[in-house]
Amino acid sequence: MGTRLLLFVALASHAFAQAGDNAQLPLPPSLPSPGNGLPDFNGVWQAPYTPDLARSFGGPLPFTAFGADRFKTHLGGDDPHGYCQPTGPTRAIHSPFPFEIIQSAGMMTILFEIDHTFRRIFTDNRPHPKDQDITWYGDSIGRYEGNALYVDTTGVSDRSWLDTAGHQHSEKLHITETFAKTGADTIKWTVTYDDPVYFTKPWSVSLDVKRQKYDIMEMICTDNNQDMPHYITSKPKP
Amino acid sequence: MKNILAGLVFASLPALAHHSFAAEYDNKQPVTFTGVVMKLDWMNPHVYFYVDATDKDGKVTHWACEAGNPNALARRGWKKTSLKAGDQVTVEGYRAKDGTSTMNARSITLGDGSKVFAASSEDGGPVN
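Chains H and E, in that order, are what the protein sequence lines are.
In this text, residue positions in the first sequence follow my numbering: the first is 1, and each later residue adds one.
In this text, residue positions in the second sequence follow my numbering: the first is 1, and each later residue adds one.
Think of the hints as simulated: they come from the structure by calculation, not from any bench.
There may be inaccurate statements among the hints.
Beyond 10 Å from chain H on every Cβ pair, some chain E residues (computed) [to be verified]: (1) H18; (2) P30; (3) V31; (4) T32; (5) F33; (6) V36; (7) M38; (8) D55; (9) D57; (10) G58; (11) N71; (12) A74; (13) K79; (14) T102; (15) G111.
Derived list of chain E stretches under chain H, where covered just means 3 residues or more per stretch with a C-beta under 8 Å from a C-beta of chain H [stated by the list, open to error]: (16) 21 to 29; (17) 59 to 69; (18) 85 to 94.
Here the structure is a predicted model, which means the values were calculated and not measured.
C-beta: ideal position from N, C-alpha, C; glycine also.
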């Protein structure tokens, strides 16, 4: 008792104390396994927040001269997500918000808490569309193999940024991802970015994604975006 | 030791994805003030609270203070009632580059010495 009380007092009075778990929050729904020998990704997950992909890459990215200049001269206040524009297909994975995966026949759906949006990865053997439209999230197709889903994404608008640090891309961006089930509650997510306009060679980052205790919540970015008038930006003031 | 503590803080604070610290705030303009909470907006993408701080000469500054994300704060056990209108607070953080009385709160201390909400981290801003 004495030790526990002391520990409690020490923690509570610690300058950096936090409130702890929130027992009132809803828990994730219990989804059945997809069956058919497929790896079970169903559930709520979160990757470590990765605002700067170069840090996870372990050094400067292999920029082309153009890519290096774009990164060097970018303004943080130009970040599209600062204006509540979409994250694009992969920044939402390594944002500080969880996501829910729902596997169904022919498709894996990711419901992102960030921006209350979603991504569909088709697993019905279709190719990318001909004369593909360029969109914020692009077109994603995937195939299961063993304990993993391999995903191929093209057609991503160059208006999205890859991360908060300001790494950008062209519409020639080709993203490949592996969702590998490494345990009941763990996924190894590996993403490779190939973009000849910005990078001299493809580069990859791997993150350990963990099953979450709490359900996803609503996150509407435009609800109270008080930051916009204060950005140091090249964009017109709202 | 200081580095270890800094690391702990870094790991324990709610993160911020919406924009980078440098997009809006100036790490060369630390600010600390004590005042009364006038209003709290427990909303996405950031909790904002508004503090009226009176200086020695009686001049009142209306501060708009950015805190972490409400969903992340809720998962850490914080509630929208953890900080409310009428509370006396001391706020430490960094001022907006545009010179307005807008700031990013890195530390929020209530009158009884307890801390609430913490702030945003991993946004490229200073680690308190």
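Sort out which numbered hints this structure fails and list those numbers smallest first. 1, 11, 12, 13, 14 and 18
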